[in-house]
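In order, the protein sequences belong to chains A and B.
All residue numbers for the first sequence refer to the working numbering, where the first residue is 3 and numbers rise by one.
All residue numbers for the second sequence refer to the working numbering, where the first residue is 37 and numbers rise by one.
In short, the hints are calculated from the structure, not lab data.
Being a predicted model, the structure only gives us computed values, none of them experimental.
Treat the hints with care, as some may be off.
For the chain A half of the interface with chain B, some residues (derived, Cβ under 8 Å), not all of them [as the list claims (entries may be wrong)]:
| # | residue |
| --- | --- |
| 1 | R45 |
| 2 | I53 |
| 3 | C55 |
| 4 | L59 |
| 5 | M63 |
| 6 | V103 |
| 7 | T107 |
| 8 | V117 |
| 9 | L121 |
| 10 | V124 |
| 11 | A125 |
| 12 | A138 |
Listing some non-contacts, in silico: residues in chain A with all C-beta distances to chain B over 12 Å [stated by the list, open to error]:
| # | residue |
| --- | --- |
| 13 | L24 |
| 14 | R41 |
| 15 | L75 |
| 16 | D76 |
| 17 | L77 |
| 18 | M80 |
| 19 | L81 |
| 20 | L84 |
| 21 | F91 |
| 22 | F95 |
| 23 | M96 |
| 24 | V127 |
| 25 | T134 |
Below are the EDC-like pairs computed for lysine to aspartate or glutamate, each with C-alpha atoms no more than 16 Å apart in a straight line [said to hold, decoys possible]:
| # | chain 1 | residue 1 | chain 2 | residue 2 |
| --- | --- | --- | --- | --- |
| 26 | A | K42 | B | E63 |
| 27 | A | K113 | B | E63 |
| 28 | A | K113 | A | D76 |
Each residue gets a CB set at the ideal place from its N, CA and C atoms; glycine is no exception.
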Amino acid sequence: MATAPNKTAPVSKSSQQGSVYLPLIAGWLVPGAGHFLLRKWWRGGLLFASIACMFALGMAMGGKLYSGAQDILDLLGMLGDLGNGLMFFISHFMGIGAQHVRVTTADYGTKFIVVAGLLNVVAAVDAHNLRTGRKA
Amino acid sequence: MLQLSHFTTVLLFALFASTVFGITMRETPRRMFRYGTYCFALFVGSVIVFSWIMKFISP
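Model the full structure from these sequences, guided by the hints.
If you want it as structure tokens, here you go:
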């Protein structure tokens, strides 16, 4: 199968090195933003929709937002939540998210929030790989 | 508070996770779609299989 020729202008080595982590950081802060920076519009849109919906559903189900590390499980949960980037920080500072899990669906919601963060990290690393040329 | 059934929750979880897996683990759109569909089927299929197993081994 023939592939489309690469029409992008060559980028200088110094500017490549300067911005090589930008898609990674942008993708972490806002889901799909790393792909948007690389003009992968539909990939970024689908990633944003999937991760943001998962986070929002977790919140709507009354999921717990880990904000402290009292024990190792809380610490791991907070690390997962931190993967959500700005969504986590905004929710944390606005006081959104349950402090305690009281019903079963809230426990599902907690897992949704953690997994959304982990998937966002995977998406951000994918944007970094696209930027470095490790992935097409 | 949103109250979803267990199976609806599983379907939503599988849909979102499979979408991200498909996009990030494969390179061409066709292979992304196929891998995403494969992951979705594995998520939902394994839930159904393990649910039946738990039904039979539960006292």
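Hints, one by one, checked against the model:
About 5 Å separates the beta-carbon of A:R45 from the nearest beta-carbon of chain B, less than 8 Å, and the hint is met. A cut of 8 Å between beta carbons decides the hint on A:I53: the least distance to chain B is about 7 Å, and the hint holds. With a least beta-carbon distance of about 6 Å to chain B, the hint placing A:C55 at the interface is held under the 8 Å criterion. Restraint check, A:L59 versus chain B: the minimum CB separation of about 6 Å is within 8 Å; hint holds.
Interface restraint check: A:M63 against chain B, minimum CB-CB distance 5 Å, threshold 8 Å, status holds. With its C-beta approaching chain B no nearer than about 11 Å, A:V103 sits outside the 8 Å limit, and its interface hint is violated. Because the smallest distance between the Cβ of A:T107 and any Cβ of chain B comes to about 5 Å, under 8 Å, the interface hint for this residue holds. For A:V117, the interface hint holds, since its Cβ comes within 8 Å of a Cβ in chain B; the closest pair sits about 7 Å apart.
Given hint, A:L121 at the interface with chain B, holds; its Cβ is 4 Å from that chain's nearest Cβ, closer than 8 Å. Annotation: A:V124 was flagged as interfacial toward chain B, and the flag holds, the nearest CB pair being 5 Å apart, inside 8 Å. Of the supplied interface hints, the one on A:A125 holds, with its beta-carbon coming within about 6 Å of a beta-carbon of chain B, less than 8 Å. At a threshold of 8 Å, the smallest CB-CB gap from A:A138 to chain B is about 5 Å, leaving the interface hint in force.
With a closest Cβ-Cβ approach of about 18 Å to chain B, A:L24 is found to remain outside the 12 Å limit, as its non-interface label requires. Separation of A:R41 from chain B is adequate, the least Cβ-Cβ distance of about 15 Å exceeding the 12 Å criterion. Every CB of chain B is more than 12 Å from the CB of A:L75 (nearest about 20 Å), matching its label as outside the interface. Look at A:D76: its CB is around 22 Å from the nearest CB on chain B, clear of 12 Å, so calling it non-interface holds up.
Here A:L77 stays apart from chain B, with its beta-carbon at least about 23 Å from theirs, past the 12 Å limit. No Cβ of chain B approaches the Cβ of A:M80 within 12 Å, the least distance being about 21 Å, so the stated non-interface status holds. Its beta-carbon lying about 18 Å from the closest one in chain B, A:L81 satisfies the requirement of being farther than 12 Å from that chain. At roughly 17 Å from the closest C-beta of chain B, the C-beta of A:L84 stays outside 12 Å, upholding its exclusion from the interface.
The non-interface label for A:F91 is consistent with chain B: the shortest C-beta to C-beta separation is roughly 21 Å, beyond 12 Å. Under the 12 Å C-beta cut-off, the non-interface status given to A:F95 relative to chain B holds; the minimum distance is some 22 Å. Once the 12 Å rule is applied to beta carbons, A:M96 is consistent with being away from chain B; the minimum gap is 17 Å. Not every beta carbon of chain B lies more than 12 Å from that of A:V127, the smallest distance being close to 8 Å; the non-interface claim is violated.
A cut-off of 12 Å between C-beta atoms confirms that A:T134 is not in contact with chain B; the least separation is 14 Å. A C-alpha spacing of about 12 Å is found between A:K42 and B:E63, which places the hinted pair at or below 16 Å, so the restraint holds. The hinted pair formed by A:K113 and B:E63 fails the criterion: a straight-line CA distance of about 28 Å is larger than 16 Å. Distance restraint check for A:K113 and A:D76: the Cα-Cα separation of roughly 12 Å lies within the 16 Å cut-off, and the hinted pair is therefore satisfied.
Checked against the numbered hints above, the structure violates hints 6, 24 and 27; every other hint is satisfied.
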